[in-house]
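Read off the chains here:
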Amino acid sequence: MKARLTLILAATLLLTGCGNGNEKPAATPDTGKAGISGKVIVFAAASLTETFGQIGKDFEAANPGTSVTFNFAGSSALAAQINQGAPADVFASAAPANMKTVTDKGNADGDPATFVKNQLVIAVPKGNPKGIKSLADLTKPGVKVALCAAQVPCGAAASKALTAANVKLTPVTLEQDVKSALSKVTLGSVDAALVYRTDAHSDAKDVDGVEFPESAGAINQYPIVVLKDSANKPAAQAFVAYVLSDKGMAVLTEAGFQSP
Amino acid sequence: MRRFPLPLLVPAVVGLAFLVLPLLGLLVNAPWGTLPERLVEPGILDALRLSLECATLATVVSLVLGVPIAWLLARVEFPGRRLVRALVTVPLVLPPVVGGVALLLVFGRFGLVGKYLDQAFGFTVPFTTTGVVVAEAFVAMPFLIIAVEGALRGADARYEEAAATLGAGRWSSFVHVTLPLVAPGVAAGAVLCWARALGEFGATITFAGNYPGRTQTMPLAVYLALETDLDAAVVLSLLLLVVSVTILVSLRDKWIS
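Residue numbers (my numbering), protein chains in the order written: chain A, 15 to 274; chain B, 12 to 268.
For reference, chain B alone in the conformation it holds in the complex (with noise of 0.2 Å):
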């Protein structure tokens, strides 16, 4: 093995039991003696697959719509582009409270879209489980972007133009060739963009609201648990950790293999 330079080697260990030690701390205050009850509690599963389920159909969405905005600003220029990177980061500063209320304020029942979409379909979106995805979306969607950005312009563009010369169409060449030479960028942000999505607590609690069964995800549920027993926020909080490692890393196995 060789030797690895000291100045690296130091804050890469100190920097690790920084992320680490808090899960540490968690594991080391969990009930473990009364966790199989704890996790059998009413209410505790449907969280959980609802986190899970929202998660996904958030990426599933991000990833529709990322995409080709990460394809637009790594490959097409046009007058305000900066501009508009500008503003898909919006959300990355935005606090996820203020993301809510400011979807609230468009998708609330007198929203600027909202409004409409109660008048013709008698719809609202606050409150249910689609605005939990919406809240989500709108969270963890920057995530994807950038990483899918960041990997197209990392990618070579003569691949594009040879496919070009050989006759194909932009959106074959888009399909056929620049997809699968970013792909591991593009399963890098959806990873990010499930994991800040499974998260999401702000946005999600002040636009979609808390009810068990319907909007109350996860990280709701741990909020609400810490007002009264620490002991059962640790061990919800746990179970989400242990889902969802377990999931990236099943997946990530089938990629490599």
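Excised from the complex, chain A in its bound form (with noise of 0.2 Å):
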């Protein structure tokens, strides 16, 4: 199974990034365009829960008569609900295996585009009281990690990364979704977790995030289409190309997200 997964993973790294990584799709109207109005529902992964809901805000701002209703969740979650006729008009995925689950299906409207990356951090609690400054710090003794499930994206990243730091690192747990992960460090239940640095930034009252080299070899891809059965796809494409825009770029490398 695993194998399995290496092998979709890598052929839809490939296939993303070779093909049509930064091909904005077809027909992309100006941001702010008139005539464009009614209802976009957009589904988008847990980890733009944020930035989404602000470029939201923004693209109702500049768009008046638009209204923009989000349904945020773990990526594999999302494309199975589109893939069982869930009314949806964009979908945002966390991982390119996500999207391709939906485009194999033939429901998407176009080629996906990839509008972010993310790379993960070590997130540790405020002042970072344990003093850990690299991957090889995780396996001190005494130091309780959580990881993500090597099935979700944030899991795939971090074994990427511990494998090319060559770390043996046995945690003590490993969580559902990446958002889980850092509850652990803010709960206190754990020392450290492998996160995205988005999530780190999103807690920065709580947690800091250790930056380490190995994380350059597992960066994560976030694609974004309009979907087949979009009841407004005018609204929806105006949308998917207000993300793209300058505007939207802002308010996600504000978060912490790098352009791809």
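These aren't lab readings, by the way, just hints derived from the structure by calculation.
Any given hint could turn out to be false.
[What the hints assert, rightly or not] Derived pair list, reagent style SDA-like, types lysine to any residue, alpha-carbon separation capped at 25 Å:
{"hint": "1", "chain 1": "A", "residue 1": "Lys119", "chain 2": "B", "residue 2": "Asn40"}
{"hint": "2", "chain 1": "A", "residue 1": "Lys193", "chain 2": "B", "residue 2": "Val112"}
{"hint": "3", "chain 1": "A", "residue 1": "Lys144", "chain 2": "A", "residue 2": "Ala218"}
{"hint": "4", "chain 1": "B", "residue 1": "Lys126", "chain 2": "A", "residue 2": "Pro139"}
{"hint": "5", "chain 1": "A", "residue 1": "Lys119", "chain 2": "B", "residue 2": "Gly36"}
{"hint": "6", "chain 1": "A", "residue 1": "Lys144", "chain 2": "B", "residue 2": "Gly133"}
{"hint": "7", "chain 1": "A", "residue 1": "Lys119", "chain 2": "A", "residue 2": "Asn85"}
{"hint": "8", "chain 1": "A", "residue 1": "Lys140", "chain 2": "B", "residue 2": "Val109"}
{"hint": "9", "chain 1": "A", "residue 1": "Lys53", "chain 2": "A", "residue 2": "Thr83"}
{"hint": "10", "chain 1": "A", "residue 1": "Lys131", "chain 2": "A", "residue 2": "Thr267"}
{"hint": "11", "chain 1": "A", "residue 1": "Lys193", "chain 2": "B", "residue 2": "Gly36"}
{"hint": "12", "chain 1": "A", "residue 1": "Lys154", "chain 2": "B", "residue 2": "Pro223"}
{"hint": "13", "chain 1": "A", "residue 1": "Lys154", "chain 2": "A", "residue 2": "Asn142"}
{"hint": "14", "chain 1": "A", "residue 1": "Lys242", "chain 2": "B", "residue 2": "Leu241"}
{"hint": "15", "chain 1": "A", "residue 1": "Lys174", "chain 2": "A", "residue 2": "Ser194"}
{"hint": "16", "chain 1": "A", "residue 1": "Lys147", "chain 2": "A", "residue 2": "Glu228"}
{"hint": "17", "chain 1": "A", "residue 1": "Lys154", "chain 2": "A", "residue 2": "Ala230"}
{"hint": "18", "chain 1": "A", "residue 1": "Lys193", "chain 2": "A", "residue 2": "Lys53"}
{"hint": "19", "chain 1": "A", "residue 1": "Lys71", "chain 2": "A", "residue 2": "Lys182"}
{"hint": "20", "chain 1": "A", "residue 1": "Lys219", "chain 2": "B", "residue 2": "Ala113"}
{"hint": "21", "chain 1": "A", "residue 1": "Lys174", "chain 2": "B", "residue 2": "Val233"}
{"hint": "22", "chain 1": "A", "residue 1": "Lys158", "chain 2": "B", "residue 2": "Gly54"}
{"hint": "23", "chain 1": "A", "residue 1": "Lys193", "chain 2": "A", "residue 2": "Lys219"}
{"hint": "24", "chain 1": "A", "residue 1": "Lys158", "chain 2": "B", "residue 2": "Val109"}
{"hint": "25", "chain 1": "A", "residue 1": "Lys147", "chain 2": "A", "residue 2": "Gly120"}
{"hint": "26", "chain 1": "A", "residue 1": "Lys140", "chain 2": "B", "residue 2": "Gly133"}
{"hint": "27", "chain 1": "A", "residue 1": "Lys119", "chain 2": "A", "residue 2": "Asn246"}
{"hint": "28", "chain 1": "A", "residue 1": "Lys261", "chain 2": "A", "residue 2": "Asp123"}
{"hint": "29", "chain 1": "A", "residue 1": "Lys144", "chain 2": "B", "residue 2": "Phe121"}
{"hint": "30", "chain 1": "B", "residue 1": "Lys126", "chain 2": "A", "residue 2": "Asp222"}
{"hint": "31", "chain 1": "B", "residue 1": "Lys126", "chain 2": "A", "residue 2": "Gly145"}
{"hint": "32", "chain 1": "A", "residue 1": "Lys247", "chain 2": "A", "residue 2": "Pro139"}
{"hint": "33", "chain 1": "A", "residue 1": "Lys193", "chain 2": "A", "residue 2": "Asn85"}
{"hint": "34", "chain 1": "A", "residue 1": "Lys174", "chain 2": "A", "residue 2": "Gly231"}
{"hint": "35", "chain 1": "A", "residue 1": "Lys174", "chain 2": "B", "residue 2": "Glu52"}
Dock chain one against chain two, each of which comes alone in its own frame, and use the hints as you go.
Below you can see the structure in the form of structure tokens.
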């Protein structure tokens, strides 16, 4: 199963990386263009909760008459919902693999565009009481670590980074998503967790993010696409264009995302 | 056979279909061809064993602590009884994930109680199998308490009074008169409690975390399988279902015969 997973991941990375990584979807109207109205339902990865919430408000302000509704959840749950016919106009995934399950079923309208990248950091409680500076420090005795499970994107990235650093780590728990790994740090039940930089950023009052060089080898790409069954394609395309615009990117990079 | 009144029969059939159709959905979508090889994938049996052990232990804990609570609520007049009864149902109303966070705030390393456990014994409950049992007992015990309390209220207190007039103390009459009287209620409550503990997900993953062989029970394994492979998730769910139904049915046969 693991081998198959890596294969799928590799295949999707190839597809999204070489093929159409930075191409914007066809027919992208300018931001704030007149004539767009109605509801846009956006299914977005949980890690986009803060940024997309903000972008949604900005988009509504720039396009009077539109309203954006979000469904934030794990990317795989969202992909499953879309493939089961959930009413959605836009899908923003935290990993190419989950986007692929939607495009493979022919549920996307055009090719997905990669809009941001995210990188792992070591989240530690504010002030870094255990003095953790590198991945190797996580194996010190008495340091409890939470990782994401290998099945979710942050876990796949973590095992890649640990392999690259040649660090053998026994975590106390393998969490089901990145936010719950982070909450184990904020609640004080572990000393460190490998999370995305944006997650550490969103909880900056409780946690510090320790950067480490090996994270460069495990970068996570976020693709976005308009869905085939969208009831309001013009507005959906305008929303995607807004995310990819300078204004959208400003919100995203402010939160710690990197532009692709 | 007597004719059944339609106003009862029709909703009963509709209700049954509503309860059974999702199961049918699982069965229809199960990858029957690759079933045997999927069942022997590493980790599955560990998760199943852990699930059964933890649910059973949680039921034992619930029986030991829950039956006395039910007895207090049903048989003893004390101030604030209604409040206590409402408090007992809190875990039912609380979203399990919140229950897990609440348990962390009490038994976590810096928790109200966990702090002292850590200092005194160097023992922390989260991320251990004990943590799974704690989380499951927290969520499942109210089912047992409510069932047993209902049975106690339905049981005729005059039997206990008769026992008392014959010289039995309160403890003796509880063990020899009350318990046998409400045994079916206790059994029903224990089954509910066990079933709820077996399916527990939210509080477990939040409080005990997810580590294969130590805290990863079947529902956690199912959730993670769902992230990558729907077929694997369906297989795991069916396995849990078959095993638990088999256990419940065989226990039932034992009681009836």
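| message | Checking one constraint from the list: CA of Lys193 of chain A to CA of Lys53 of chain A, max 25 Å. Satisfied? | response | violated, 28 Å
| message | Checking one constraint from the list: CA of Lys174 of chain A to CA of Glu52 of chain B, max 25 Å. Satisfied? | response | The given pair, whose Cα atoms are some 23 Å apart, holds under the 25 Å limit.
| said: Would the hint linking Lys158 of chain A and Gly54 of chain B be met if the CA-CA limit is 25 Å? | reply: holds, 23 Å
| said: Run the distance test for Lys119 of chain A versus Asn40 of chain B: straight-line Cα separation, threshold 25 Å. | reply: At roughly 17 Å apart (the allowed maximum being 25 Å), Asn40 of chain B and Lys119 of chain A satisfy the hint.
| said: Check the hint pairing Lys147 of chain A with Gly120 of chain A against an upper bound of 25 Å on the C-alpha distance. | reply: Violated, at about 45 Å.
| query | Does Val109 of chain B lie within 25 Å of Lys140 of chain A when you go C-alpha to C-alpha? | reply | holds, 24 Å
| request: Compare the distance between the alpha carbons of Lys193 of chain A and Val112 of chain B with 25 Å, and conclude whether the hinted pair is satisfied. | output: Holds - the C-alpha atoms of Val112 of chain B and Lys193 of chain A are around 13 Å apart, at most 25 Å.
| message | Please verify whether Lys154 of chain A and Asn142 of chain A have alpha carbons no more than 25 Å apart. | response | Judged against 25 Å, a Cα distance of about 14 Å means the pair holds.
| Going straight from one Cα to the other, do Lys119 of chain A and Asn246 of chain A come out at no more than 25 Å? | Holds, at about 20 Å.
| message | Check whether the Cα positions of Lys174 of chain A and Ser194 of chain A lie no farther apart than 25 Å. | response | Distance ~20 Å between Lys174 of chain A and Ser194 of chain A Cα, so the pair holds.
| message | Need the status of pair Lys247 of chain A, Pro139 of chain A: alpha-carbon distance at most 25 Å? | response | violated, 44 Å
| query | CA of Lys174 of chain A to CA of Val233 of chain B, is that 25 Å or under? | reply | Distance ~24 Å between Lys174 of chain A and Val233 of chain B Cα, so the pair holds.
Going through the hint list in order, the structure does not satisfy hints 11, 18, 19, 25, 32.
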